[in-house]
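*Asks:* Sequence:
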Amino acid sequence: MDQDRRDPQQRIGRRKLESSVQTILSSLNDVILELDRSGSILFVSKTLTGFDMEDLLGRDFGEWASPAEHALMRDTLEKVFTSGESAWYQTQSMGLLGDARWYESRLSPVVRDGAVRSVILITTNITERKLAELEAQKQAELIQLFYNLPFVGMSITDPLTRKRIKVNDKLCEMLGYSREELLLRGWEELTHPEDLASSRAAFESVLRGDTDGYTQEKRFIHRNGSVIHAAVDVHCARNAQGKPDYFVATTQDITARKEQDARIRHMAHHDLLTDLPNRGLLSDRLEQALLRAQRNQTRLAVLFMDLDRFKPVNDAWGHEAGDQLLRAVALRLQECVRASDTVSRMGGDEFVLLLSPIEQAQDAVAVAEKIRNAINQPFALADAHLAQIACSIGIALYPEHGHTAEALLRNADDAMYVAKEAGRDRVQLFQTVT
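Number 434 marks the last residue of the sequence shown (the UniProt record's numbering); no jumps.
Don't read these hints as lab results, they were simulated from the structure.
For each residue, glycine too, the CB sits at the ideal point set by N, CA and C.
Heads up, none of these hints are tricks.
List of simulated lysine-lysine pairs, DSBU-like, C-alpha gap at most 35 angstroms:
hint	residue 1	residue 2
1	243	163
2	243	170
3	420	311
4	311	370
5	170	218
6	79	130
7	166	243
8	138	243
9	218	138
10	370	420
11	218	243
12	130	243
13	258	218
14	170	138
15	138	163
16	79	138
17	258	163
18	218	163
19	166	258
20	258	170
21	218	166
22	130	166
Have a look at the derived ranges for each label pair, beta carbon to beta carbon:
hint	residue 1	residue 2	range
23	160	138	28 to 34 angstroms
24	213	400	55 to 61 angstroms
25	261	189	26 to 32 angstroms
26	295	374	28 to 34 angstroms
27	284	163	41 to 47 angstroms
28	166	55	57 to 63 angstroms
29	291	207	38 to 44 angstroms
30	432	297	17 to 23 angstroms
31	213	138	20 to 26 angstroms
Can you make the complete structure from the sequences, with help from the hints?
*Replies:* Rendered as structure tokens:
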């Protein structure tokens, strides 16, 4: 009697438990099936493809799969029944809108009495995870593609040791080191000493968290000792705590551009024929020399020189011979003065020299006479031509003959014309008219 009463209660309890389990399973995002060896569905946690749950029992679980997927499912199912070990596989399908979907299926054996009686298959929609993996793979491929670019040096640096932990071939080529050698050297070791302070300051600002990167132009020392100008772009990857994990740097060799810029600047301030400072650069240097002379209460001299008997050389042997002579004159002039002095070409056969500083007027006169004697020596030109020329030199002194660049140049020019009128081939100190 009691047993009869208990049986209905137990049946009710089991049904409640089964209903609760079914409710829990149905609430999961995963689809859970129990399959026999033939692939027939013994149990399903939720409805599939719009069928009632009762309609699915006994049907082949691969009915809704493509032939290739069905074959993969059957092979994996048989493997689990045979080995008694779990297995898994992934499949891809297309949604109604043509969007790709990925699923991962895990199969686990149900063993009773020492034999595999059925298999539990749990299928999970892993589309979001797969898309994230594909995006990460795409980003990694793009990074690797960029890393292998033949014209950009790349490196990854440890923020603690400040040594590179990865470099590409271009950076090795740029700095002249093998990959192994470069990894043993910190970036500071290869930075030009004059750029080290600014590079350290930028690096430290990232370590402090002031910024996540920086861009700068700096110089590296090549293995052979030459200077490499580079444009460096540095970015910091941080961990969850905001601490630097590593630095990624791209390095582009801009040495050729820098050299071209320097050539352009040089050409803008130098005479194309003789490579001497031109009128503009002379004016700048004269202004600076005057400021120093005023501040230090020293003297300076401006020498204005014009060649005598230059025109006959041009007329007799042509402009090419004249150009050759002007270049030779420029060399002799530079040999007559100090490295701190300036020799410039004003144009034609006119030259101006800035002597700064000088002690007395006689110092300038002595240099001018040295120049005059040097110019009097014959010049050997092409085609065995021998040029014999002379020069007239006018001298203006600061502060006696002017306090501005314009006044000194004008007065030195006037003194030079006085020398020419007096018979050429002579030195003339400016005379103030009273």
